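First to last, the sequence lines map onto chains B and Y.
Mapped onto numbering that gives the first Met the number 0, the consecutive letters of the first sequence carry residue numbers 0 to 279.
Mapped onto numbering that gives the first Met the number 0, the consecutive letters of the second sequence carry residue numbers 0 to 279.
Quick caveat, the hints were computed from the structure, so don't treat them as lab data.
The model shown is predicted, which means the values in this text are computed figures rather than measured ones.
Watch out, some of these pointers could steer you wrong.
With a straight-line cut-off of 25 Å between C-alpha atoms, the simulated DSS-like cross-links for lysine-lysine are [as the list claims (entries may be wrong)]:
1) Lys12(Y) <-> Lys12(B)
2) Lys40(Y) <-> Lys13(B)
3) Lys13(Y) <-> Lys13(B)
4) Lys40(B) <-> Lys13(Y)
5) Lys142(B) <-> Lys218(B)
6) Lys155(Y) <-> Lys12(B)
7) Lys40(Y) <-> Lys12(B)
8) Lys40(B) <-> Lys12(Y)
Not close to chain Y: a few residues of chain B, all C-beta gaps over 10 Å, as computed [unchecked claim]:
9) Pro65
10) Thr76
11) Gly79
12) Val169
13) Leu175
14) Met177
15) Asn181
16) Lys218
17) Ser226
A virtual CB, placed ideally from N, CA and C, is assigned to each residue, including glycine.
Number of protein chains: 2
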Amino acid sequence: MDEMSDYAAELQKKDIRLGLVPTMGYLHEGHLSLVRLLDGKCDIKGASIFVNPIQFGKGEDMEAYPRDEELDIAKFTDEGCEVVFCPSADDMYPDGFQTYIDVEVLSKPLCGLFRPNHFRGVVTVVNRLFNLTRCSVAAFGLKDYQQAIVIRRMVKDLNIPVELVFGETVREDDGLAMSTRNSYLTSEERTLARLIPVSLNWAAVQASSGSNDCMRILKGMREILVSQPGIDIQYLEAVDTETLQPRRSINNGVQILLAVNIGKTRLIDNCHICHDREKV
Amino acid sequence: MDEMSDYAAELQKKDIRLGLVPTMGYLHEGHLSLVRLLDGKCDIKGASIFVNPIQFGKGEDMEAYPRDEELDIAKFTDEGCEVVFCPSADDMYPDGFQTYIDVEVLSKPLCGLFRPNHFRGVVTVVNRLFNLTRCSVAAFGLKDYQQAIVIRRMVKDLNIPVELVFGETVREDDGLAMSTRNSYLTSEERTLARLIPVSLNWAAVQASSGSNDCMRILKGMREILVSQPGIDIQYLEAVDTETLQPRRSINNGVQILLAVNIGKTRLIDNCHICHDREKV
Numbered sequence: 000m001d002e003m004s005d006y007a008a009e010l011q012k013k014d015i016r017l018g019l020v021p022t023m024g025y026l027h028e029g030h031l032s033l034v035r036l037l038d039g040k041c042d043i044k045g046a047s048i049f050v051n052p053i054q055f056g057k058g059e060d061m062e063a064y065p066r067d068e069e070l071d072i073a074k075f076t077d078e079g080c081e082v083v084f085c086p087s088a089d090d091m092y093p094d095g096f097q098t099y100i101d102v103e104v105l106s107k108p109l110c111g112l113f114r115p116n117h118f119r120g121v122v123t124v125v126n127r128l129f130n131l132t133r134c135s136v137a138a139f140g141l142k143d144y145q146q147a148i149v150i151r152r153m154v155k156d157l158n159i160p161v162e163l164v165f166g167e168t169v170r171e172d173d174g175l176a177m178s179t180r181n182s183y184l185t186s187e188e189r190t191l192a193r194l195i196p197v198s199l200n201w202a203a204v205q206a207s208s209g210s211n212d213c214m215r216i217l218k219g220m221r222e223i224l225v226s227q228p229g230i231d232i233q234y235l236e237a238v239d240t241e242t243l244q245p246r247r248s249i250n251n252g253v254q255i256l257l258a259v260n261i262g263k264t265r266l267i268d269n270c271h272i273c274h275d276r277e278k279v
Numbered sequence: 000m001d002e003m004s005d006y007a008a009e010l011q012k013k014d015i016r017l018g019l020v021p022t023m024g025y026l027h028e029g030h031l032s033l034v035r036l037l038d039g040k041c042d043i044k045g046a047s048i049f050v051n052p053i054q055f056g057k058g059e060d061m062e063a064y065p066r067d068e069e070l071d072i073a074k075f076t077d078e079g080c081e082v083v084f085c086p087s088a089d090d091m092y093p094d095g096f097q098t099y100i101d102v103e104v105l106s107k108p109l110c111g112l113f114r115p116n117h118f119r120g121v122v123t124v125v126n127r128l129f130n131l132t133r134c135s136v137a138a139f140g141l142k143d144y145q146q147a148i149v150i151r152r153m154v155k156d157l158n159i160p161v162e163l164v165f166g167e168t169v170r171e172d173d174g175l176a177m178s179t180r181n182s183y184l185t186s187e188e189r190t191l192a193r194l195i196p197v198s199l200n201w202a203a204v205q206a207s208s209g210s211n212d213c214m215r216i217l218k219g220m221r222e223i224l225v226s227q228p229g230i231d232i233q234y235l236e237a238v239d240t241e242t243l244q245p246r247r248s249i250n251n252g253v254q255i256l257l258a259v260n261i262g263k264t265r266l267i268d269n270c271h272i273c274h275d276r277e278k279v
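Only chain B is shown next, with the shape it has when bound in the complex (with noise of 0.2 Å):
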């Protein structure tokens, strides 16, 4: 940790712009896809590997969230990061910590609800990673669309100076988000999870055909995740892109969020929708 610090202190004396991508590690291609997005907007292209305990709640899957640094480091330099921070949880949690952040009002709904203290563990660890790396611009994926809204008013709130940089969801070639917890489905859970896209895209054809309800939308997109057994929701909204307080009508566009489970996993995604098919 004091050799990141040591050595984001000689970037920023000699005035080299680092970029960071923040993971959690066990990369796929949206991770990767974060990194291309660094390009031309800064010096050197840097990502973290950190699995954080305090944005993990009791009975969630922090021990058996997967691992494979080396894999990771492997591909984070194939993708032209020249630094790879991956700090211990010792180092970064030694005894006696204590100071939180909080973004009070965005972090309660959806995710929140569900995850008491999770927004909290996050913007807390990305707040020092922005600080241990002195990163002049960050990336983050749009598929945790509610960590990217959080993020960005803790950046704005704290006068933060990091440009952030925001990556559209990639998805697998069925439609499904890819995402770290993918790996723990089972191949019947794995065709189930495609319900999820099918239930999004069929919400934005809806928007698009000119249905203005988001109350229908939802109703319509439920029935379909429902449809087979195995699908629990957890959680199925429209909300404000910006405030992500629940809308009713669909107007100039609402975010369409959800978090299900399936058997032990939970996953999540989201999509904007809007009449004009041209702004999806």
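Got chain B; can you put chain Y on it based on the hints?
Here is chain Y on its own, set in the frame of chain B:
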């Protein structure tokens, strides 16, 4: 605020180290001594003046807090500050602001018991002033001892690349710690306030004479403070210098901290006491 941000970015680009004294203005010699403490630790000395609304509770003296920005800027300039940052409350807390930092354990006792959101307000604004000014070093006074410990913890926990320096309490000729709030005191109250440093000095003498029993020393201090009517003790404690946890024995030194109300004015003070007079 954008001007400060841009200027800070320019300084950083040129590797010019800024030193910062964050204050709420209405300066006294304690503040100015902190500017001098920056000598040799940075390339440019700076200060901020901001009466931070989120560190005041309901019914506290936010509105009454004295201000004289013009005179303050002149004083800072005379002391060699090249930058004086005076943001407005509207700039600092626009609609939608919702991100707060908590140093959970160290913020709870002592002043934290009587001013529940005070330290959250302090560390949140200090963090932002660090980000806005991109200072390399910052100076705080030890008159606000718990504040100093809480800020130090935040800087460590969040890996903030700012060096902290702490200035000894500056006192009036009769021993009263300099404080902007001393200006609230009537002349009778000002005379009573003299008992605060008298009680702290008495404690230091007891310790250096070999007494090891904190309870006995606190009892003696209490008797001194209430020897004349008019001082209402809010708290008076002997605590570990680092953890702020109560201590029964002085052993290798404890910090005595107190808060009192005199009329409508709340004053705090503290001192280190130990057996070896040299260490006081």
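Going through the hints against the structure:
1. Lys12(Y) <-> Lys12(B): Holds, at roughly 8 Å.
2. Lys40(Y) <-> Lys13(B): Holds, at roughly 20 Å.
3. Lys13(Y) <-> Lys13(B): holds, 9 Å
4. Lys40(B) <-> Lys13(Y): Cα-Cα ~20 Å, so holds.
5. Lys142(B) <-> Lys218(B): holds, 22 Å
6. Lys155(Y) <-> Lys12(B): holds, 21 Å
7. Lys40(Y) <-> Lys12(B): holds, 16 Å
8. Lys40(B) <-> Lys12(Y): holds, 16 Å
9. Pro65: Since the minimum Cβ distance to chain Y is about 27 Å, Pro65(B) lies beyond 10 Å and the statement holds.
10. Thr76: At roughly 25 Å from the nearest Cβ of chain Y, Thr76(B) sits farther out than 10 Å, so the non-interface label holds.
11. Gly79: Since the minimum Cβ distance to chain Y is about 24 Å, Gly79(B) lies beyond 10 Å and the statement holds.
12. Val169: Non-interface label stands for Val169(B): nearest chain Y Cβ at 29 Å, farther than 10 Å.
13. Leu175: holds, 33 Å
14. Met177: Holds: least Cβ distance 29 Å, greater than 10 Å.
15. Asn181: Non-interface label on Asn181(B) holds, nearest chain Y Cβ at 32 Å vs cutoff 10 Å.
16. Lys218: The claim holds: Lys218(B) sits with its nearest Cβ about 32 Å from chain Y, beyond 10 Å.
17. Ser226: holds, 39 Å
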